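Construct the complete structure from the given sequences, taking the supplied hints into account.
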Amino acid sequence: GAVVSQHPSRVICKSGTSVKIECRSLDFQATTMFWYRQFPKQSLMLMATSNEGSKATYEQGVEKDKFLINHASLTLSTLTVTSAHPEDSSFYICSARAGGGGTSDGYTFGSGTRLTVV
Amino acid sequence: GQQLNQSPQSMFIQEGEDVSMNCTSSSIFNTWLWYKQDPGEGPVLLIALYKAGELTSNGRLTAQFGITRKDSFLNISASIPSDVGIYFCAGRYNQGGKLIFGQGTELSVKP
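Residue numbers (the numbering used here), protein chains in the order written: chain A, 4 to 121; chain B, 15 to 125.
Calculated directly from the structure, the hints in this document are not laboratory data. Here the structure is a predicted model, which is why all the values come from computation and not from measurement. Hints are all accurate, no fakes.
Straight-line C-alpha distance at most 20 Å; calculated EDC-like pairs for lysine to aspartate or glutamate:
hint	chain 1	residue 1	chain 2	residue 2
1	A	Lys44	B	Glu120
2	A	Lys23	B	Glu55
3	B	Lys124	B	Asp52
See the structure below:
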């Protein structure tokens with residue numbers, strides 16, 4: 004089945020530094036990837052939709068200069084949290100959708116990245 | 015962002031009992047999905063529903079796509095301890111579009 008690998012699983016960084024999170028589709032090509040943020044005991048909130056070869060589409064209220072998304076290939080999307088602050092600490096999750104996959108394309112999620120900014 | 019109304023928020027049940035949870039929306043969806051999330055992990059797809067009225071099973075899990083296309087339910091029969099986790103419904107307006115998630119139902123199963 005479709006597998007999405009997300010790396011790193013945990014990262015601790017200092018305030019003011021940048022952190023890059025990778026999301027890879029291992030056995031399929033993903034034309035579209037989605038990035039979510041999840042706070043403890045809460046639901047997944049979509050941050051942005053990442054399309055291969057084009058600019059990401061950000062949800063309202065998400066700062067695109069702070070959360071840089073790059074989807075340079077059909078198997079890799081990256082999220083960079085720039086100038087991180089403690090309030091950026093959260094669980095970040097990506098999901099990927101296979102290109103041209105008919106109606107039965109329930110999206111596959113990565114295992115998430117726990118970011119802690121100190 | 016927009017969310018679906020998912021209930022209940024949490025459930026504490028005895029092993030062997032059946033469980034039911036549901037989601038409602040003010041908007042019509044053309045796809046409903048049910049996911050389970052374990053602590054520190056990403057959600058895993060349980061059941062996908064693509065047609066109004068559709069009833070689909072996956073082992074002890076059964077889900078239905080409401081006839082109005084504005085709701086869905088998930089049933090778990092004969093619960094076991096490994097059913098513990100958070101269950102999310104998600105709706106999608108169009109193929110390939112973004113998912114809108116419910117608030118989640120946290121399930122605890124007492125052996």
